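Chains as they are written, first to last, in my numbering: chain A, 174 to 589; chain B, 111 to 272.
Derived by calculation from the structure, the hints in this document are not laboratory data. All figures in this text were calculated on a predicted structure; none of them were measured in a lab. Take these hints with a grain of salt, some might be off.
[Unchecked claim] If we take Cβ atoms under 7 Å as the criterion, some of the chain A residues that face chain B in the derived model are:
{"hint": "1", "residue": "Gly193"}
{"hint": "2", "residue": "Thr195"}
{"hint": "3", "residue": "Glu199"}
{"hint": "4", "residue": "Asn332"}
{"hint": "5", "residue": "Thr336"}
{"hint": "6", "residue": "Pro340"}
{"hint": "7", "residue": "Gly342"}
{"hint": "8", "residue": "Gly360"}
{"hint": "9", "residue": "Asn362"}
{"hint": "10", "residue": "His536"}
{"hint": "11", "residue": "Phe554"}
{"hint": "12", "residue": "Arg557"}
In this text, a Cβ means the ideal position worked out from N, Cα and C, and glycines have one as well.
What follows is each chain in one-letter form.
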Amino acid sequence: MGTLTEEIFSYKLGRPVEQGETVIVEVDQVMSHDTTTPLAIQAFRRLAPLNGGRVFNAQRSHIVFDHIVPAATVAAATLHRDIRAFAREQDIPILQEGICHQVMPERGFVIPGDIIVGADSHTCTYGALGAFATGMGSTDIAVAYATGRTWMRVPETINVRLTGELPRGVYAKDVSLEIVRHLGVDGANYRAIEYSGDTVERFSVSERFTLCNMAIEMGGKAGLVAPDDTTVAWLRGRTERSYPLLAARHPRYERVIEIDVSTLQPLIACPPDVNNLASVEEVEHVQIDQVFLGTCTNGRLDDLAIAADILRGRAISPRTRMVVIPASREVYLEAMRLGYLEIFARAGASVGVPGCGPCIGRHFGVLAPGERALTTMNRNFTGRMGDPGAEIYLGSPATVAASAVEGHITDPRNYL
Amino acid sequence: MGRLWMLGDNVNTDVIIPGRYNVTTDRAQLAHHCLCEVLPEFAEQVQRGDIVMAGHNFGCGSSREGAPVALLASGIRAVVARSFARIFYRNAINIGLPVLVCGEAVSACAPGQQVEVELESGLITNLSTDQIFRAEPLPPFAARIVAAGGIIEYILREGTLR
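Start from the sequences, fold in the hints, and give me the full structure.
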């Protein structure tokens, strides 16, 4: 009985669990990537007296190279080399085919009811498939690698109910930004966010990924959508494991936020903070030096399709540059097959290797002081994409593509 | 006892250790770039025993553990804030960096003052103004981890995660 989070923990622990309890729980999957694994290995080594230096289960341990891939500097290459040695020693295959939060679900490592911990704040993304997935630091992940367990205070839940049809030009990303307006950057601190309502029921898994991905931007511990037929259809062929279709039952939510999405318009998060929101009309004409389409928030096939529709037969503005990074090899290959990558390349965009790309300011389009980027990222902290004197605006793939054509922030509805 | 460094609200982990410097596990290197974009003098001037105070939502953003590591390796004795972002708070406890919630202290103190923090009692003393504040006690499980010196130490002592 309870929220989806309480249902998941109760299911896992085989007894009723209530929000507010601190529990020790077995984790189904553990993940770390190329910039968080090094510190995890250090901490893991220190636990060797307990477990003989072996990970609890190599099939449930996942190391993904995505943040700086291929290695852009000697420092990164050295970290990669050392992680590879650890992975070989532990019989853990390294996944190097895209962003961790895209590859983990694609590869069938996420099913409803799973408890998943990852050494990356956007691990909450997997909640879109009805798992309880949360980001932690490297030492916590080392403990999970070593013991297969973690300690967790079961969080209270904020219910975000989305109703109505999305207007033309408004997408899951805009809805996610609108939710940030309601909760602010720490309104969900220590809370799980459960997304429900008819809009969510009609959302594809990709749109649900976009929603849940941004739970952490409001401080959320997890973001979840109850699994349904959409979830089952998406998982078909990706996993052999059976799973329960858990749902909230007579939940006690700490807070319920209702949003009628039919009233929304395209939104922009202005620097330096994701809660610095403006309608696209309010910031139209802000000149943009670099447009970036990609990331765990919006780097999937449907995101690329929306952008390709706008860019087909067009060129990006000579005043701006564009970087497109499909979130995974699977997305990259399908986008190639459908002709999207050709559309981007012919438009003048740089199409890159699946991974995080310029999102964390290491490669694939770092920004100089005074430059402005418009991106499909989830975060626009000062200095994130390079120099602290650069500015980052956030928007949907449609907004980003339309803006690439004009060289300034542009209402995507002009191009639909 | 040490010098007080003060930061505002929503200080994210990119500010604490920018991504381009978070490419190492070397603690001295991380300390060297700690807060470099907002407090360029910090790395050079920080002394063992100094205290950081901050506003709401300290440590928000990326889960990078380099952030609390950089602060701890800089010699910071404790971070006192109005509130902490969840992942940072947990990381700090796990690596043995004391994190205390005390909005009252943050409101009353100013940069450069001499402050002492007593972890067991949660007492924060501003030696420059003779004011004393009491921080919220750590949740019980977190308190046990901090008392052990960090989660690794805790687990090694207990023999398992319990």
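Here is how each hint holds up against the structure:
no.	hint	in the structure
1	Gly193	violated, 11 Å
2	Thr195	holds, 5 Å
3	Glu199	violated, 10 Å
4	Asn332	violated, 19 Å
5	Thr336	violated, 29 Å
6	Pro340	violated, 31 Å
7	Gly342	violated, 29 Å
8	Gly360	violated, 10 Å
9	Asn362	holds, 6 Å
10	His536	violated, 10 Å
11	Phe554	holds, 5 Å
12	Arg557	holds, 6 Å
Violated hints, listed in ascending order, are 1, 3, 4, 5, 6, 7, 8, 10; each of the other numbered hints is respected by the structure.
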